[in-house]
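If you read the sequences in order, they're chains A and B.
Position one of the first sequence corresponds to residue 1 (the working numbering), numbered consecutively onward.
Position one of the second sequence corresponds to residue 1 (the working numbering), numbered consecutively onward.
Restricting the straight-line Cα-Cα distance to at most 16 Å, the calculated cross-link-like pairs of lysine to aspartate or glutamate (EDC-like) are:
| id | chain 1 | residue 1 | chain 2 | residue 2 |
| --- | --- | --- | --- | --- |
| 1 | A | K196 | A | E207 |
| 2 | B | K245 | A | D104 |
| 3 | B | K245 | A | D8 |
| 4 | A | K200 | A | E147 |
Note that these hints are calculated values from the structure, not bench results.
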Amino acid sequence: MRILVVEDDAILADGISVGLRLSGFTADPVETLADARAALEATAFDALVLDIMLPDGTGLTLLEEMRRAGSTLPVLLLSARDQVRDRVRGLDLGADDYLGKPFDLEELAARLRAMLRRRGGQPRAERQCNGLSVDPATLTGRMHGAELRFSRREFALLWALIEHPGTILSKPVLEERLYGWQEEIESNAVEVHIHKLRAKLGRGFIETVRGLGYRVPRQDGAAT
Amino acid sequence: MSLRLRVFLLLVLATAVVWLSAVLWIETSTRAQVERVLDARLAEAARMVSSLVSDHRVELAAADGGAIPLPHPFRFGEGYSRQLSCQIWSLDGQLVGQSDGAPDGQLSTGDTEGWSDSVVDGEPWRVFSVVNADLGLRIMVGDSMAVRDGLVHDVIEGLVLPALILLPLLGGLIWLSVARGLAPLERLAAALAQRSPADLSPLPSGPLPREVRPVREALDGLFDRLSAARDVERDFTTYAAHELKTPLAGLRTQAQVARIAPDEATRDAALAAIETSVARTDRMVRQLLDLAEVERAEIVAAPCNPAALIAATLTDLQPLAARRGVTLRCEGPEEGSEQREWLTNGFLLATALRNVVENAVLASPEGGAVVILWSGHPGGGEITVRDSGPGIPEALRDRATDRFVRGAGGAPGGSGLGLSIVASAMERLNGTLRLDPGVPGQRVSLVLGEMRGT
Numbered sequence: 001m002r003i004l005v006v007e008d009d010a011i012l013a014d015g016i017s018v019g020l021r022l023s024g025f026t027a028d029p030v031e032t033l034a035d036a037r038a039a040l041e042a043t044a045f046d047a048l049v050l051d052i053m054l055p056d057g058t059g060l061t062l063l064e065e066m067r068r069a070g071s072t073l074p075v076l077l078l079s080a081r082d083q084v085r086d087r088v089r090g091l092d093l094g095a096d097d098y099l100g101k102p103f104d105l106e107e108l109a110a111r112l113r114a115m116l117r118r119r120g121g122q123p124r125a126e127r128q129c130n131g132l133s134v135d136p137a138t139l140t141g142r143m144h145g146a147e148l149r150f151s152r153r154e155f156a157l158l159w160a161l162i163e164h165p166g167t168i169l170s171k172p173v174l175e176e177r178l179y180g181w182q183e184e185i186e187s188n189a190v191e192v193h194i195h196k197l198r199a200k201l202g203r204g205f206i207e208t209v210r211g212l213g214y215r216v217p218r219q220d221g222a223a224t
Numbered sequence: 001m002s003l004r005l006r007v008f009l010l011l012v013l014a015t016a017v018v019w020l021s022a023v024l025w026i027e028t029s030t031r032a033q034v035e036r037v038l039d040a041r042l043a044e045a046a047r048m049v050s051s052l053v054s055d056h057r058v059e060l061a062a063a064d065g066g067a068i069p070l071p072h073p074f075r076f077g078e079g080y081s082r083q084l085s086c087q088i089w090s091l092d093g094q095l096v097g098q099s100d101g102a103p104d105g106q107l108s109t110g111d112t113e114g115w116s117d118s119v120v121d122g123e124p125w126r127v128f129s130v131v132n133a134d135l136g137l138r139i140m141v142g143d144s145m146a147v148r149d150g151l152v153h154d155v156i157e158g159l160v161l162p163a164l165i166l167l168p169l170l171g172g173l174i175w176l177s178v179a180r181g182l183a184p185l186e187r188l189a190a191a192l193a194q195r196s197p198a199d200l201s202p203l204p205s206g207p208l209p210r211e212v213r214p215v216r217e218a219l220d221g222l223f224d225r226l227s228a229a230r231d232v233e234r235d236f237t238t239y240a241a242h243e244l245k246t247p248l249a250g251l252r253t254q255a256q257v258a259r260i261a262p263d264e265a266t267r268d269a270a271l272a273a274i275e276t277s278v279a280r281t282d283r284m285v286r287q288l289l290d291l292a293e294v295e296r297a298e299i300v301a302a303p304c305n306p307a308a309l310i311a312a313t314l315t316d317l318q319p320l321a322a323r324r325g326v327t328l329r330c331e332g333p334e335e336g337s338e339q340r341e342w343l344t345n346g347f348l349l350a351t352a353l354r355n356v357v358e359n360a361v362l363a364s365p366e367g368g369a370v371v372i373l374w375s376g377h378p379g380g381g382e383i384t385v386r387d388s389g390p391g392i393p394e395a396l397r398d399r400a401t402d403r404f405v406r407g408a409g410g411a412p413g414g415s416g417l418g419l420s421i422v423a424s425a426m427e428r429l430n431g432t433l434r435l436d437p438g439v440p441g442q443r444v445s446l447v448l449g450e451m452r453g454t
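My request is simple: use the sequences and hints to build the entire structure.
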């Protein structure tokens with residue numbers, strides 16, 4: 001799950017990015033509204049963490065623009081002014097959630113997961129697919145009664161695949177889900193992590209579609 | 001006391017004074033008129049009696065001394081009857097005759113003819129005497145003063161009584177008129193009373209009397225200024241909240257990262273970030289306190305040695321400059337500059353200078369230099385700080401002294417408060433802060449004027 005973090009304080013932005021990565025997200029920090037606009041155009045993010053006071057304007061402007069353009073990207077606002085009036089304003093402008101500074105990193109991660117879950121129409125935090133159930137909060141899974149643990153990159157890959165069962169995801173798409181801009185992409189990382197996942201889940205759980213990419217077959221096996 | 005009651009009492013008092021003066025005037029003039037008319041009547045009556053006696057139309061008992069009653073010819077109204085009295089005396093002091101109801105005592109004891117005042121049987125009389133030398137008689141006709149007083153009294157009573165009855169009515173009319181006249185003020189007061197304390201909008205417009213209009217204008221002006229001050233305050237609070245809570249959020253987040261970091265490198269990076277953040281937050285808090293201190297400090301001027309003040313500031317900031325690899329030096333007073341002490345507030349000037357030099361050090365690249373020059377002149381002085389940084393961008397120069405304004409990509413750790421503190425301190429010192437582009441870098445001059453109020 002790739003998150004764009006718009007925050008002008010370098011230390012806070014770095015803390016959020018590193019913290020979210022440790023929680024299984026891929027986070028990209030930008031400092032200004034202009035950079036945020038460019039990033040949103042260039043990359044498909046799953047959610048946006050948006051500070052209100054930024055050097056070149058207010059985050060609420062960006063939020064308004066996005067909503068007017070029809071974007072449904074989940075947005076979590078960060079603000080120092082933790083007052084009801086400000087919260088109401090932010091939520092009315094189309095924010096999905098709101099956190100006052102300073103906040104707890106785990107709470108931020110949990111709220112992001114909740115936002116993404118709601119967007120996917122999933123009431124439960126866990127997700128089921130072909131006999132596997134996974135919990136994004138703990139990066140663990142359960143299959144045939146066996147407890148499974150995943151590294152955060154393995155989990156990010158697995159999550160992307162079971163989010164849309166039957167859909168083929170190409171290697172570049174998967175790489176984008178795995179790495180932020182600041183991270184160097186290892187050339188065969190996707191293959192390595194797919195290999196590790198198959199070792200844990202069984203060979204047939206993830207199919208290779210030659211020349212196109214990977215997919216998790218639908219439960220009924222109808223996909224060809 | 002309410003304005004209404006005050007105006008009412010003043011009007012009633014004024015009315016009462018006017019009425020009282022009128023009554024006194026009328027009483028005096030009525031009394032004078034009555035006396036003139038009645039005195040003339042007295043004289044006429046006395047002469048009439050004298051001529052009647054001379055013509056022997058009135059018989060007088062001579063020897064037996066018994067007084068003969070005189071008919072009473074002088075009647076002019078029931079209420080005033082029998083008040084005019086007549087006595088006829090022989091020149092040797094014998095009562096020859098008198099009218100009904102005349103007092104027993106002699107009306108006038110004087111020997112003179114003409115008018116006189118006397119008291120007979122304890123009653124004051126106005127008397128006219130005529131001497132009839134042919135018959136050897138003195139004729140006296142007198143008026144009881146009580147009658148005259150009664151007359152005047154009746155006139156005054158006729159004047160005052162209706163006035164007394166009308167007084168409450170007049171009072172009521174005055175009260176209502178005052179209320180009506182003060183209605184615009186009452187409306188203004190009501191409009192003010194109904195406002196919530198937070199409401200700083202202008203007062204309702206509409207026609208107002210000329211006297212009340214300045215009040216409304218003054219109030220509207222006050223509301224304007226208050227509202228502007230409140231906005232500035234609110235902006236300040238918003239910015240301060242952001243500037244203080246963001247580093248706190250950074251600290252907390254980095255602390256949590258350090259706690260859950262899976263490897264040494266991540267933890268070390270988080271701890272380093274925490275240290276940086278603490279240093280920045282410390283500076284920010286110090287500057288906020290400086291700002292409050294500068295705005296609150298009492299302005300007391302004292303002789304202040306500029307060279308010593310600059311040297312102390314440089315000593316304080318030397319460690320910071322050394323850490324950043326920036327040379328910090330004072331090139332001393334300019335040639336021909338006055339060397340004497342400045343009469344100024346050392347605390348405010350030192351605070352301003354420290355913030356300027358600190359900014360200059362933070363803005364300069366490694367290996368750069370910050371140079372301080374100063375000069376004194378009669379009644380003030382000037383300190384110029386020159387750095388070798390990128391300078392304040394043109395677009396930002398007008399807002400550079402606003403609070404929490406800092407250049408994008410400027411010196412790390414800037415709070416945007418430094419120049420606000422300097423500007424505030426210089427304003428309180430009756431000086432100015434001058435920002436000139438240097439070649440290269442930025443020149444910041446603190447220009448001191450003469451201190452006020454000392």
